[in-house]
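Visitor: Chain by chain, the residues:
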Amino acid sequence: MKDISAALQQQVMDASQDAMPLDIVGGSSKSFLGNASHEMQIDVSAHRGIVEYDPRELVLTARGGTMLRDIETTLAEAGQMLAFEPPHFGEAATLGGTIACGLSGPRRPYSGSARDFVLGCKLLNGRGEILSFGGQVMKNVAGYDVSRLMAGAYGTLGILLEISLKVLPRPPASITVARECSPNDAIASMSALLRKPLPVDGACYHGDHCYIRLSGGAQAVKEARTKIPGDVLPEAEKFWHALREHQLPFFHHRSTLYRIMVKPATPPLHIEGAWMLDWGGAQRWLYSDEDTAAIRHRVELAGGHVTVFRRGDRNEEIFQTLPASLLNIHQRLKAGFDPKNIFNRGRLYANL
Amino acid sequence: MPHHHTHDNARTIELIRALRSLLPRESVLTDAEDLRPFECDGLSVYRQLPMVVVLPENIEQVQSIMRLCHAKQIPVVARGAGTGLSGGALPLADGVLLSLAKFKSILHIDADNAMATVQPGVRNLAISEAAAAYGLYYAPDPSSQIACTIGGNVAENSGGVHCLKYGLTVHNILMLKVVTMEGELLTIGSETLDSPGYDLLALMTGSEGMLGIIVEVTVKLLARPERAQVVLAAFDDVVKAGEAVGAIISAGIIPAGLEMMDKLAIRAAEDFVHAGYPRDAEAILLCELDGTNAEVSEYIMAMRRILTVSGATEVRTAVDEAERQLFWKGRKSAFPAVGRISPDYYCMDGTIPRRQLPHVLRRISEMSAEYKLPVANVFHAGDGNLHPLILFDANKEGELHRTEEFGRRILLLCVEVGGTITGEHGVGMEKIDQMCVQFRSAELSQFHAIKAAFDPSGMLNPGKAVPTLHRCAEFGAMHVHNGQLSHPELERF
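If you read the sequences in order, they're chains A and B.
Take 1 as the starting number for the first sequence in my numbering and just add one per residue.
Take 1001 as the starting number for the second sequence in my numbering and just add one per residue.
Calculated from the structure, these hints are not laboratory results.
Take these hints with a grain of salt, some might be off.
To give an idea of the chain B side of the interface with chain A (calculated C-beta under 7 Å), a few residues [claimed, not checked]:
# : residue
1 : G1183
2 : E1184
3 : R1354
In silico lysine-lysine, DSS-like type, Cα no more than 25 Å apart, as pairs [stated by the list, open to error]:
#  : chain 1 : residue 1 : chain 2 : residue 2
4  : A       : K30       : A       : K196
5  : B       : K1165     : A       : K196
6  : A       : K238      : A       : K227
7  : B       : K1263     : B       : K1220
8  : B       : K1220     : B       : K1165
9  : B       : K1102     : B       : K1165
10 : A       : K222      : A       : K196
11 : A       : K222      : B       : K1396
12 : B       : K1396     : B       : K1372
13 : B       : K1102     : B       : K1220
14 : B       : K1102     : A       : K196
15 : A       : K227      : B       : K1165
Please read these numbers as outputs of a predicted model, since none were measured by experiment.
Glycine included, each C-beta is placed from N, C-alpha and C at the ideal position.
With the rest of the complex left out, here is chain A (with noise of 0.2 Å):
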């Protein structure tokens, strides 16, 4: 438990003087995201602990450099969790880097992304001021919603010092589902899904199989697994872990592997590689050793977007690019939160 910001914001105020770049840096879990960068660094890392929890009220404020896993913890003592599912991709990721990357688990079409749980945020902006938005509360519509905006923001827009988070109870019960299937059967059966009103809280197609997750009340996970066609899959908990943590074995491919969001029920896209779907067939994961060019010119006809999600070339534009008159309005917000641009500089967009 320490609060640093002191130090810290004495630090961006230095570089800001300066207008000197600095890369924000957690538990460095997640470096490998984003556009390649070179700059100097600020440790949020020391910046830890929980500064308020009552389980009663279903929200978590935390310091940015706290452990996800120590947050993951305290939250499981009593028998809440975290709703989205957070990939941690390392031992040391902190609550800072999981929201400023704004990524979440399998769980996500279900309960919501890393963004719909913030509630509020401490900033340290680029001229080292430190403000607060949102709040703790669940509801709250007072000043532009800045909390959230800051989840996927890589950190260009400042240093979360504090964010405070919405809760939720673990489920009591779940179950998992296997079948053998085609993908497009499976991504009928997942788009089906979305119209039954059963507890579904994870699908996704891995090695010719469907899988789909049921969690809840032991006698309703019960109830609804009669209605999914399938095998019990014996230890679920360890597959969405490492489907969640990119550990199964297909991601030991050693090519670069793409995301990719589209319309979840989207017909399979003929590129060549290997493939795996997630998101209940929205978020769906490639292989691939094809121009990343035309992979994403093939992903964007069918309305989707593409990440350059590990490996290929990191000093190309990882995230697909934005149409001018957006790219304005990032570059606006981007000067209004941090004048000198010395935040993560490029590692969203190279002129971000």
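Fit chain B to the given chain A structure using the hints.
Guide: Same frame as chain A, now just chain B:
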């Protein structure tokens, strides 16, 4: 035909002529009698006739209106159904009021991907009605859902009685088409679950018409639950009712709806719609569970037990769907019911951490005695959103003034206990000064920078939602540090 203008000058006449060249004659309103219906939103204590009302019917028309107003530096206020409760759609005497009433089409329901694309003037409830054929619905359900439109819901980030489980508008939309002050059409968000770049969708939701004109909305649809069941629990003490809410949540139950009403609200609602509420209770809780049959059966037993242990004097499960609807009708009619027992009422919208409920209710009751104004409390108990309704008579000398002062003190109290001045109704015109209490200058400046990123000329809905630093200085530069008002000795008005 002679026209009456509030600002009958050459500039106005020129603007109206230019608007008429862009739109059919009947889509440009300038007569005082035609402008009258637009003079206020749901908060009718604020009234102002706009210079002109325009009713475009397609995106190109909205773009050309915006280009014209931008070129001439004329402020623009957008309006949906006008059901807002904070004066966010209050017109400007020297501005254009842009009504989206003609954008009424449901463009596409994509059942395979559980989403719907609609125009902003589509009513909230109409989306669920159209989606019902596919077993789907749109979850956020503000009390005004029969009348309020989705564009306004996005602008205000509207909630409803089911937010605790299903979230607010921001959690239930995927994509927006927005026209900027310069007339540029932006697509914000996408049909996929996330989008490249900053989360502008979050920024746009709840931005109260300050950043752009919403001209199309793609919403997420959910599977209609197999069953919903409501339990009514009566208490002889509001504090016990508040504690029961904490106990339910501690037990790992997330009700679809968890509402609380106090005695005055219970009686008003009961006399109005005969919902079967116990008239002698100090507080009631309405706890709704939804999901599969098995899920609801499983949790309803647990919830009944918790309510009994928490000291409920009566725990009643609605016997059938008709009774469930009746229980909710009482709650959803609470505002008009209070309207029947008092010539006027003023609705507040603070949100507080739930554990502060007993303290806040006690303080409200003390202030009620101090101001000699009764208060009925209606409360989204699950998410800490309070709606104290202050009863008053605007025709009585000084009552409106006393009511407003009382209301402001309730909001200060909410900020003091770690909450917010508005949970779901928005800042608009009404709570603009209270923003100076909730935020410090540096935070307000950050908001202004966001505004400028979208609307550099500041012509969209000026004067609402975020106060200027100058205004705050005049207001008294009050702000709260660590729950302490900076000048506790000062009179707060």
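Visitor: A separate judgement is required for each hint: does it hold in the structure or not?
Guide: Each hint, compared with the structure:
A hinted interface residue such as B:G1183 counts as satisfied when its beta carbon comes closer than 7 Å to some beta carbon of chain A; here the least separation is about 11 Å, so the hint is violated. At its closest, the beta carbon of B:E1184 sits 5 Å from a beta carbon of chain A; the interface hint therefore holds under the 7 Å criterion. Interface restraint check: B:R1354 against chain A, minimum CB-CB distance 6 Å, threshold 7 Å, status holds. Of the supplied pair hints, the one linking A:K30 and A:K196 is violated, its CA atoms being roughly 36 Å apart against a limit of 25 Å.
Note on B:K1165 and A:K196: the hinted pairing holds, with a Cα-Cα distance of about 17 Å set against a maximum of 25 Å. Simply put, A:K238 and A:K227 have alpha-carbon atoms about 24 Å apart, close enough for the 25 Å limit, and the pair holds. Simply put, B:K1263 and B:K1220 have alpha-carbon atoms about 37 Å apart, too far for the 25 Å limit, and the pair is violated. Pair hint B:K1220 plus B:K1165 holds up; C-alpha atoms about 15 Å apart against a cutoff of 25 Å.
For the given pair, B:K1102 sits about 33 Å from B:K1165 by alpha-carbon distance, which is inconsistent with the 25 Å threshold. Among the hinted pairs, A:K222 with A:K196 is consistent with the structure: their alpha-carbon atoms are about 16 Å apart, no more than 25 Å. Proposed proximity of A:K222 and B:K1396 is contradicted: the alpha carbons are some 62 Å apart, above 25 Å. At roughly 13 Å between alpha-carbon atoms, B:K1396 and B:K1372 fall within 25 Å of each other, so this suggested pair holds.
Taken as a hint, the B:K1102 and B:K1220 pair is honoured in the structure, with Cα atoms around 23 Å apart against an allowance of 25 Å. Taking the CA atoms of B:K1102 and A:K196, the gap is near 34 Å; set against the 25 Å cutoff, the hint is violated. Between A:K227 and B:K1165, the direct Cα distance comes to roughly 24 Å. Compliance with the 25 Å bound is thereby established for this hinted pair.
The structure is inconsistent with the numbered hints 1, 4, 7, 9, 11 and 14, although it conforms to all the rest.
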